[in-house]
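Q: The chain contents come next:
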Amino acid sequence: MKRASLWIALLAAFSPGLHAAGESLDDISLEDLVKTDITSVSRKSQSLADVPAAAFVISADDIRRSGAQSLPDVLRMAPGIEVAQIDNGRYAVTARGFNGRFATKLQVLIDGRSIYHPLFAGVIWELDPIPLDDIERIEIIRGAGGVMWGANAVNGVINIISKHTRNQTGGAINVTGGSKGTGDLYARIGQATSDSTSWKLSAQGRHIEPSKLADQSGESADRLNSAVIDFRLDHDIGGGRDMSIWANASRSKLNDAWNTQPNFVPTLTLSKLTPQQDAHSESLVGRYRWLSDSGIESSLQASFTRSGVSITEFLAESRNTVDLDYQGRYAIGRHDILWGLSYRSSSDEITTNEPYIAIAGRSYTQSNTGIFVHDDWTLIPERLKFGAGIRADQTSANGTNYSANASLLWTPSRTDSVWLKYAQAPRTSARAERDVSILTGVAIRTSALGNTPVISYSQANSNLGPEKAQGVELGYRKQLSSAVSADVSAYRYRYTNLRSGTQTGMFGCSPMFGALLDTAKCGYFGLDTTPPFGTPVLFVETQTINGLAGWSDGVELSADWMVTPNWRLQLSYSWNHLKMDSSSNPSINTHAEITERSGPHQYGSFRSQWNITPNQQFDLWLRSSGGFDRQKLIDLVPNTSTAPTFSHVPGYVTLDLRYGYRVNKDLEFALIGRNLINTKHLEYISDFIPSAATSITPTWLLSTRWNF
Amino acid sequence: MSFGKINRLARRIALATALVLAIPTSFGEVTTEAQLKAAYLVNFLKYVEFPGTRSTINLCLFGRDSLGPYLASYEGRQIGGRELHIRKVSSPEQLVDCQELFIPDTEEARVAAVLRWVDKQAILTVSDSETFTRDGGAIALIRIDGRLQFEINAEALNRANLKASSQMLRLARQVTGAVR
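Going down the list, the sequences are from chains A and B. Mapping of the first sequence onto our numbering: residues 1 to 708, in sequence order. Mapping of the second sequence onto our numbering: residues 709 to 888, in sequence order.
Read the hints as simulated data drawn from the structure, not as lab findings. Remember, predicted model here, so these are calculated numbers, not experimental data. For glycine and all other residues, C-beta sits at the position ideal for the given N, C-alpha and C. Any given hint could be a false lead.
Said to hold, decoys possible - As a list, the in silico EDC-like pairs of lysine to aspartate or glutamate whose alpha-carbon atoms are at most 20 Å apart:
1) Lys272/A / Asp635/A
2) Lys665/A / Glu757/B
3) Lys796/B / Glu31/A
4) Lys163/A / Asp133/A
5) Lys272/A / Asp215/A
6) Lys796/B / Asp827/B
7) Lys796/B / Glu219/A
8) Lys871/B / Asp805/B
9) Lys754/B / Asp32/A
10) Lys754/B / Asp805/B
11) Lys35/A / Asp853/B
12) Lys163/A / Glu838/B
13) Lys871/B / Glu757/B
14) Lys828/B / Glu209/A
15) Lys754/B / Glu31/A
16) Lys163/A / Asp111/A
17) Lys665/A / Glu838/B
Stated by the list, open to error - Computed Cβ-Cβ distance ranges for the label pairs, DEER-style:
18) Gly760/B / Leu671/A: 56 to 64 Å
19) Ser873/B / Phe231/A: 44 to 52 Å
20) His335/A / Arg878/B: 29 to 37 Å
21) Ile245/A / Gly789/B: 51 to 59 Å
Just need the whole structure built from these sequences, with the hints factored in.
A: Written out as structure tokens, the structure reads:
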């Protein structure tokens with residue numbers, strides 16, 4: 001209690017110092033204004049001051065100066081976004097906990113088109129969705145955003161907004177090369193054919209040579225080859241009407257190293273597999289926006305996407321997705337009303353490599369029809385705004401789901417805003433979660449019978465339903481002076497019906513196991529059961545169920561300080577804690593432990609952007625993450641316990657540097673160093689798919705940007 | 709959740725908030741682009757003749773307000789004998805009494821709608837969207853060669869029945885349309 005009052009005293013002590021945002025440029029004349037040089041580091045408005053949510057914006061400048069070559073690496077600067085690199089192309093990216101190779105609770109949209117994968121749930125990050133240079137800004141809104149962004153925007157949404165083509169006329173070529181065999185190329189041409197019409201065509205290719213395996217047993221197979229071609233055409237019709245067309249094709253080839261091909265005879269051994277992965281996606285998107293005489297702003301977007309993933313000796317998927325989305329907006333009196341209708345249909349054809357992985361139904365079409373309405377209501381002009389919205393989604397496999405939100409935004413002064421939000425959102429189960437049966441792990445159990453390999457086999461559950469999240473958030477944003485701003489947010493969410501597993505059975509493939517012997521099931525896995533020994537292996541059968549529930553608490557902080565006109569510092573810090581409920585079902589308790597330990601409790605980022613001279617930039621980025629534990633999918637050390645075993649991923653601090661030199665306004669060179677502090681570090685150990693962990697090592701890159 | 713946990717969580721929040729507030733406020737002031745934009749918005753009011761004889765002059769900020777904090781210190785200033793007020797607006801009805809309206813470039817998609825709201829009213833429209841004057845707005849603030857410059861669409865001024873001073877027209881980087 002004493003400490004609490006200390007904090008209150010501290011808060012009170014700081015309150016009188018809440019100045020307005022800096023001094024005004026007093027009585028400076030227009031004549032002087034046009035002559036004032038802007039040496040300032042930030043180009044665009046960074047704030048989303050009027051949003052009653054935890055929001056963060058990454059500008060094109062931030063992307064360029066980060067030195068990052070891939071989209072997930074850029075996202076590391078945002079508070080609440082947890083990024084862990086798995087290998088050269090694969091990443092685990094989540095918002096506010098529950099990270100995983102297939103992190104299911106984060107929605108990602110590129111110009112309104114979702115890249116959330118309906119088979120795996122989550123995003124295939126190795127497939128570059130858009131060249132980094134074509135991004136205008138990235139808006140990240142943490143917390144449940146189901147009303148506006150639809151199912152799966154449970155912990156947050158990342159909105160990637162591409163540059164308008166009238167800002168991309170002319171040509172550009174960027175070449176980056178460096179250690180680890182890194183070679184990146186970006187090229188663009190664009191033209192404004194008239195005052196109202198412009199287009200651009202761009203392409204990006206990336207290559208990286210394989211990483212070292214974390215266990216020092218040699219090289220992984222993660223040679224990355226990825227390419228994306230992006231075309232956009234914009235036409236302004238006039239009278240508040242415009243249209244845009246996007247055509248996008250991307251492809252990535254990225255092999256993998258798994259330690260998992262089991263051989264049971266004479267004893268269990270695992271041989272290495274190097275599956276070849278090839279992913280592609282082609283999209284055509286059209287958008288028409290218009291303004292009715294009554295002042296209703298409308299936008300209709302249609303997209304068609306053909307995509308596929310093939311992983312040799314595992315699965316091959318091909319998919320066609322159609323999206324239709326209408327949004328309307330009408331501002332009247334003190335109300336700002338948004339509403340929308342959406343329809344999505346996604347058809348797949350999947351073949352799998354049985355018995356390792358099997359899928360129920362070779363092809364399936366899933367559909368989703370959604371409707372939402374949201375109102376922002378100004379209760380007291382300049383001071384208090386109330387927002388509320390509701391959405392209903394009718395889905396083919398998850399029934400009808402509802403999302404809702406309500407928020408209050410209080411702005412006691414122009415420089416302070418406080419918001420309080422309640423939101424709930426569903427996460428619909430993905431095709432793989434409902435229909436895939438897969439070998440998920442191997443352990444060796446010591447018992448009276450000696451050492452017995454125990455294989456975990458997870459079975460499909462076509463009835464797996466949606467997960468639900470609801471919670472409250474509180475945030476405070478403050479512009480302390482013209483140069484310093486900061487915001488802090490805290491949240492507490494309740495998750496129910498989370499996917500977990502429950503043990504449904506057990507069988508053995510040796511007559512020694514007596515009643516546990518199941519000749520038919522062993523036959524499916526190609527295992528011999530003939531007496532006297534058969535194959536001495538046990539199978540534990542589990543089924544995915546909506547059995548897990550728990551709480552997620554967290555605090556996020558970000559601060560931005562322009563120390564001098566040429567020097568900007570940015571800090572972000574996130575703390576998250578997951579506490580799952582205990583259950584009478586031991587399998588669910590196991591899952592609860594795995595979930596709680598599977599991500600870092602805290603992580604942070606500190607960036608410095610310094611313009612040494614108008615032509616020279618020096619940027620520094622310190623990144624850090626706490627350690628966490630991942631369940632060992634494969635553990636060949638004999639164990640008497642049935643409890644899961646864990647591998648530790650240690651915490652790390654690392655550093656990126658960038659020195660940029662502008663020869664003239666069209667030519668720039670940059671020397672970039674990434675992950676410089678340690679000779680190597682580990683960021684993640686894969687889940688579901690037992691890829692061998694790789695080391696993240698320092699890389700040096702030289703980059704040239706030329707505009708013509 | 710037990711009291712202890714609530715207490716711990718509350719302490720963390722308090723700590724984070726204290727950290728935010730503890731960031732010193734009195735460092736050497738920096739002229740940021742946002743500050744320059746704010747200064748422009750106030751200055752334009754001095755160089756444009758507005759019809760009527762009111763005692764106040766209102767600068768309205770549309771949508772996602774990013775300049776509000778930088779304009780706060782101008783609140784209540786006297787501009788040509790009128791008291792300056794800064795207001796946020798989000799719908800057409802709220803535009804009554806606005807003399808100047810700023811539309812941030814993050815609201816670019818809504819420019820056409822907002823320009824229709826102000827059509828033929830005596831409101832000076834300003835945006836930092838580069839194509840604002842082409843889209844029918846009156847003044848665009850544009851960053852060129854490390855400076856913040858402005859472009860004027862004289863026809864938009866005519867339609868709004870506003871008269872810009874010759875000095876302002878001279879300082880503009882570009883004036884499109886015929887000045888009345």
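Q: Compare the structure with each hint and give your call.
A: Here is what the structure says about each hint:
1. Lys272/A / Asp635/A: Given pair Lys272/A, Asp635/A holds - Cα atoms ~15 Å apart, limit 20 Å.
2. Lys665/A / Glu757/B: Cα-Cα ~39 Å, so violated.
3. Lys796/B / Glu31/A: Violated. Lys796/B to Glu31/A sits at ~28 Å, over the 20 Å cutoff.
4. Lys163/A / Asp133/A: OK: Lys163/A and Asp133/A at ~9 Å, within 20 Å.
5. Lys272/A / Asp215/A: 14 Å, holds
6. Lys796/B / Asp827/B: It holds: about 19 Å lies between the C-alpha atoms, which stays within 20 Å.
7. Lys796/B / Glu219/A: 58 Å, violated
8. Lys871/B / Asp805/B: 18 Å, holds
9. Lys754/B / Asp32/A: 14 Å, holds
10. Lys754/B / Asp805/B: It holds: about 17 Å lies between the C-alpha atoms, which stays within 20 Å.
11. Lys35/A / Asp853/B: Given that 20 Å is the threshold and the Cα spacing comes to 11 Å, the pair holds.
12. Lys163/A / Glu838/B: 13 Å, holds
13. Lys871/B / Glu757/B: Answer holds: Lys871/B to Glu757/B is near 5 Å, not above 20 Å.
14. Lys828/B / Glu209/A: Given pair Lys828/B, Glu209/A is violated - Cα atoms ~62 Å apart, limit 20 Å.
15. Lys754/B / Glu31/A: Given pair Lys754/B, Glu31/A holds - Cα atoms ~12 Å apart, limit 20 Å.
16. Lys163/A / Asp111/A: Measuring from Cα to Cα gives roughly 10 Å; hence the hint holds.
17. Lys665/A / Glu838/B: 19 Å, holds
18. Gly760/B / Leu671/A: 56 to 64 Å: 59 Å, holds
19. Ser873/B / Phe231/A: 44 to 52 Å: 46 Å, holds
20. His335/A / Arg878/B: 29 to 37 Å: 43 Å, violated
21. Ile245/A / Gly789/B: 51 to 59 Å: 52 Å, holds
In terms of the numbered hints stated before, the structure departs from hints 2, 3, 7, 14, 20, listed from lowest to highest.
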